[in-house]
Amino acid sequence: MREIASWMRRTGPMGDIVLGTRCRLARNLAGIPFPEAATREQLREVLTKTAAAVAELEALGTFTYREMATMDALEREILVEEHLISPSHMQNPAHKAVILNAEHNISIMVNEEDHLRIQVLKPGLQLNEAWERATEVDDLLEQHLDFAFDLQTGYLTACPTNVGTALRASVMFHLPALQRVKKVQEVLGAVSKFGLTVRGLYGEGSDAWGNVYQLSNQITLGQSEDETIEHLARFTAQILYSEQQAREYLLEQERRLTTEDWLYRSYGILQNARMITSQEAMELLSDLKLGVDLGVIEHGDPDLLKQLMVQIRSAHLQSIMGQPLPVQERDRLRASLIRETLQKQITKGE
Amino acid sequence: MLCDKCGKQEATVKFVQIENNKKTELHLCRDCAHGYPGFSTGFDLQHLLSSLFQSVGLGQAVAPTVTMKTCPTCGRSIADIQKTGRLGCGSCYEAFREELNPVLRRLHGSGNHTGKVPARAFPKVRTARQMEELRRRLEECVRLEKYEEAAKYRDELRLLEKQLAGGEA
Numbered sequence: 001m002r003e004i005a006s007w008m009r010r011t012g013p014m015g016d017i018v019l020g021t022r023c024r025l026a027r028n029l030a031g032i033p034f035p036e037a038a039t040r041e042q043l044r045e046v047l048t049k050t051a052a053a054v055a056e057l058e059a060l061g062t063f064t065y066r067e068m069a070t071m072d073a074l075e076r077e078i079l080v081e082e083h084l085i086s087p088s089h090m091q092n093p094a095h096k097a098v099i100l101n102a103e104h105n106i107s108i109m110v111n112e113e114d115h116l117r118i119q120v121l122k123p124g125l126q127l128n129e130a131w132e133r134a135t136e137v138d139d140l141l142e143q144h145l146d147f148a149f150d151l152q153t154g155y156l157t158a159c160p161t162n163v164g165t166a167l168r169a170s171v172m173f174h175l176p177a178l179q180r181v182k183k184v185q186e187v188l189g190a191v192s193k194f195g196l197t198v199r200g201l202y203g204e205g206s207d208a209w210g211n212v213y214q215l216s217n218q219i220t221l222g223q224s225e226d227e228t229i230e231h232l233a234r235f236t237a238q239i240l241y242s243e244q245q246a247r248e249y250l251l252e253q254e255r256r257l258t259t260e261d262w263l264y265r266s267y268g269i270l271q272n273a274r275m276i277t278s279q280e281a282m283e284l285l286s287d288l289k290l291g292v293d294l295g296v297i298e299h300g301d302p303d304l305l306k307q308l309m310v311q312i313r314s315a316h317l318q319s320i321m322g323q324p325l326p327v328q329e330r331d332r333l334r335a336s337l338i339r340e341t342l343q344k345q346i347t348k349g350e
Numbered sequence: 351m352l353c354d355k356c357g358k359q360e361a362t363v364k365f366v367q368i369e370n371n372k373k374t375e376l377h378l379c380r381d382c383a384h385g386y387p388g389f390s391t392g393f394d395l396q397h398l399l400s401s402l403f404q405s406v407g408l409g410q411a412v413a414p415t416v417t418m419k420t421c422p423t424c425g426r427s428i429a430d431i432q433k434t435g436r437l438g439c440g441s442c443y444e445a446f447r448e449e450l451n452p453v454l455r456r457l458h459g460s461g462n463h464t465g466k467v468p469a470r471a472f473p474k475v476r477t478a479r480q481m482e483e484l485r486r487r488l489e490e491c492v493r494l495e496k497y498e499e500a501a502k503y504r505d506e507l508r509l510l511e512k513q514l515a516g517g518e519a
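So the protein lines, in turn, are chains A and B.
Take the first sequence: its letters are residues 1 to 350, numbered as in the working numbering.
Take the second sequence: its letters are residues 351 to 519, numbered as in the working numbering.
Just chain A, same shape as in the assembly (with noise of 0.2 Å):
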């Protein structure tokens, strides 16, 4: 079986509410026109200059170049799934490109909505090493490449809600329990108003499935780098505050009973259905993920929950069957993953 991108197979600082930390910078080439306004030569230019470029990047290990045309569907919706590529590179796949180290946890999609997307991944909450990682995979891509790039406006990008510092650090946070005292919106509503934005788990318009939600920067422009990022940290220490205190009421003693009947419940279903839909599973996933985390689930391998979280996702299922399958042959065999995995861990557990 494949092996999970790095980021996803183990929990990092703060584990228990953050999933992962991300940065992306986006970058064009000087000269060239931005990916939708290129003809297919200059396009093609984008992907020979930036295929020479990989070699700049030796130091920080061993990196893959791949024509996104070489892939097959099942291979794209995969890394989709583990957030290397974003689900528009995964549309018209000519002309594309995606570079990968071989952890992955550095991504580089080339001729997505910019000529280059430098991507960072990291377990847990990890803001300040997730964003020094990709300032030095921009460094060295520097070296060989001529950004487009003004005093005055900053890094140049197709879309102007970029331009500048071009950075978009992103947190993503598991909130079962302001969910469930319907606390979120509360939480989160307000950051608008800080030049931040929270998003569902695979980005603009999907749907916060099993309470997980991004929180990113909006500012790209009169802000430097850093200041981006201690901006987000410190909404991220308070939205941390928020959900242990939620945690804390669900486990007090008038409602400690009603927290685990839940939780348990939940567990059950896992252990237990034939069939099961990926929206179902994170719901579920997510309760026990929380049961887990609280200890009132014992036995739990929390990054064993982690993994099965984009297990679960159709294109990892199938990959596992190497072969599409319908729907209904997936919630069986979702179901069924499921079941043997929590089984797993239980007698390891015990």
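These are calculated hints, taken from the structure and not from any lab test.
Don't take every hint at face value.
[Unchecked claim] In silico contact screen, one side only, chain A against chain B (beta carbon under 7 Å); selected entries: (1) Pro33; (2) Ala158; (3) Cys159; (4) Ser224; (5) Tyr264.
These numbers were taken from a predicted model, which means no experiment stands behind them.
Ideal placement from N, C-alpha and C gives every residue a C-beta, glycine not left out.
The hints should help you fit chain B onto chain A, whose structure is shown.
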């Protein structure tokens, strides 16, 4: 006003239904509104972006020659950019600076980049910006009375000052 359905959350959506000439009005919270057929927030980033650009040119009397202006590198006009909300290439920023500045200020609250500078292309500016950032941190540490950390930033600053003076950067 509280939501008519759950009575718990603040109502933010007005839902009007006309059936057999009878009009019913519901005030719903965001969560409950999602359950109603035909409900859409109508939020569309593409549309929002292009509207930001449109308010720049339209409304003011813009001479036809200005609207005809195109980017020398990619050939896009301001009308093209208004339509998609996207720029064609890096030179568009220079070609349409006048039209873009108000858009950037509306989006970011600022029109000036204060972040990272590419090292190979602008070595001196990069060092100067790094020094600005270190000074900012130094002041912050002094304000918070974190003197040990402040000393670290002061040493880094001195090193960069020397580099800049020696022309090594």
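Checked hints:
| no. | hint | result |
| --- | --- | --- |
| 1 | Pro33 | 4 Å, holds |
| 2 | Ala158 | 5 Å, holds |
| 3 | Cys159 | 6 Å, holds |
| 4 | Ser224 | 5 Å, holds |
| 5 | Tyr264 | 26 Å, violated |
The structure is inconsistent with hint 5 alone, although it conforms to all the rest.
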